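Protein chains in written order, with the working numbering: chain U, 1 to 271; chain R, 1001 to 1298.
In short, the hints are calculated from the structure, not lab data. Here the structure is a predicted model, which means the values were calculated and not measured. Just so it is clear, CB atoms sit at the ideal spot from N, CA and C, and this is done for glycine as well. Any given hint could be a false lead.
Partial list, derived from the structure: chain U residues whose beta carbon lies under 10 angstroms from chain R [stated by the list, open to error]:
id, residue
1, Leu-16
2, Pro-143
3, Phe-256
Now for the letters of each chain:
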Amino acid sequence: MNVSRFLTTTSQYAFLGVAAFLSLFPFLWMVISSTNTSIDIISGRMGLGDAFRTNVANFFTLVDVPLVFWNSAKVAVLATLLTILVSSLAGYGFEMFKSKARDRIYSLVLLTLMVPFAALMIPLFMMMAKTGLINTHVAIMLPTIASAFIIFYFRQSTKAFPTELRDAAKVDGLKEWQIFLYIYVPVMRSTYAAAFVIVFMVNWNNYLWPLIVLQSNDTKTITLVVSSLASAYYPDYGVVMIGTILATLPTLLVFFVMQRQFVQGMLGSVK
Amino acid sequence: MAAGKTGGLKRYYDLNGWLFIAPSLLLIAVFLVFPIFRSLYLSFFSGKGMMMKFAGFGNVVRLWNDPVFLQALKNTVTFFVVQVPIMIVLALLLASVLNNDRLKFIGFFRTAIFLPCVASLVAYSVLFKSMFSVDGVVNQALFATGFIDTPIGWLTEPFWAKVLVILAITWRWTGYNMIFYLAAMQNIDKSIYEAARIDGVPAWARFFFITVPMLKPVILFTTIISTIGTIQLFDEVYNLTEGRGGPANATITLSLYIYNLTFRFMPSFGYAATISYVIVLMVALLSFLQFYAARDRS
């Protein structure tokens, strides 16, 4: 091995090493800090402390953890399932039943991709206020269900769905909805898995809309709880760390279990 | 008879087509199309709370005389003009190094650098806030390595608060962009690199004259979606600055200002809706840019 080759290899490792360290450090910091007191955290203590149990205990006194977790899980899972159902129906419909009118509508649907949420939140808030849905989880979910991204993702993936399967099913006398449910869904399960991972992440981490709609403590999700704990005048960072761990754990878990689907979904939904 | 039969079949086919897309269309109509026109309508009204009166273009005039709006616009533009290029270059460099399968532990590095985009926006903002406190771990580290001799006021000085926001977004999204580049690089024919290597083209030149031109479409795409994302920046600044966009409005963004106008004070729905249309226009402009660039290619 010559010297210049060795040098570039070393510098590549150095570059990656620094990047990986910086990427992982906040996660490490989160774990270390969960064992420290608030004072130690804001004065940058890097060692493990002995305040972990106190922090957990304080977190559980301040926050109704099972309820908050239930709220988050309920909203994220339900909204995700509904999004996937409605959007896969549409993706399948647009691709399988092509017509000029529907293709024109599809372009309009794609156009909604560029609508920023900031321009929707005021009318949506007024709409929810008028229908008495403020402070309900239904209000959180309704505007998130129809997603042009996911419709697009399903339409693109449907192009790979073997039409012979559909023709065979038709010959067997299956109705269109039966073909969708009993043939399309099982065949496309990896597409569904990837979509699930991506949409679940988005819903679990959703912040601005819940911040507007959920106003009482018994409806709040984990992201709102972490945010309000951290924006106190003198936040107890030990407690905040327990919150960030609980908020991050489910998405980390989903990521590690379904890493392949995650990357596939991420690339696919925006391709 | 035959014609009637195909007509019926066609109707049946068409009906099914509409039924499958109906739920999505209904939801999009109610929760997207209606609100976007409603904000446009609202932007012609002024007043607080439910006491609104028609103002014509009054709100637009108010924009140019509102120092907080101008500050928010300036901050938002600063964020994407500075942050997006830094992130794209960083992501490209990382992807090109990670595309080398001969390096060891490549899987570990890929996962590690990608991991930040799994973190929730709120959680990482809060983590950054604790890391960048005056006596916090970052200042300690900079102090220990001799980069600074007085602590940096990351959350108290306007300039450094902006730097902190940029650092935070870069941390969260570089890995995300890197994945797109990595996927695109794996589609580039390896023999091009081999040929260049044999011809004695150095690594930096291979990067600039082969990789970058081949990835132009992806780079353009990620630049536009990153810019659109940064135009809508909210969660990070809200959670780094207790919702104020401070110090002294140094980090307030358009979305944060809209939120504050609507939900923090006595709501000015009409004026806030006008500002939201500034975002709509910026995003629309960028989207059309992307659209035309994509059309030129095909």
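These are the hints, each one checked on the structure:
no. : hint    : verdict
1   : Leu-16  : holds (5 angstroms)
2   : Pro-143 : holds (4 angstroms)
3   : Phe-256 : holds (9 angstroms)
Comparing the model with each numbered hint stated earlier shows that all of them hold.
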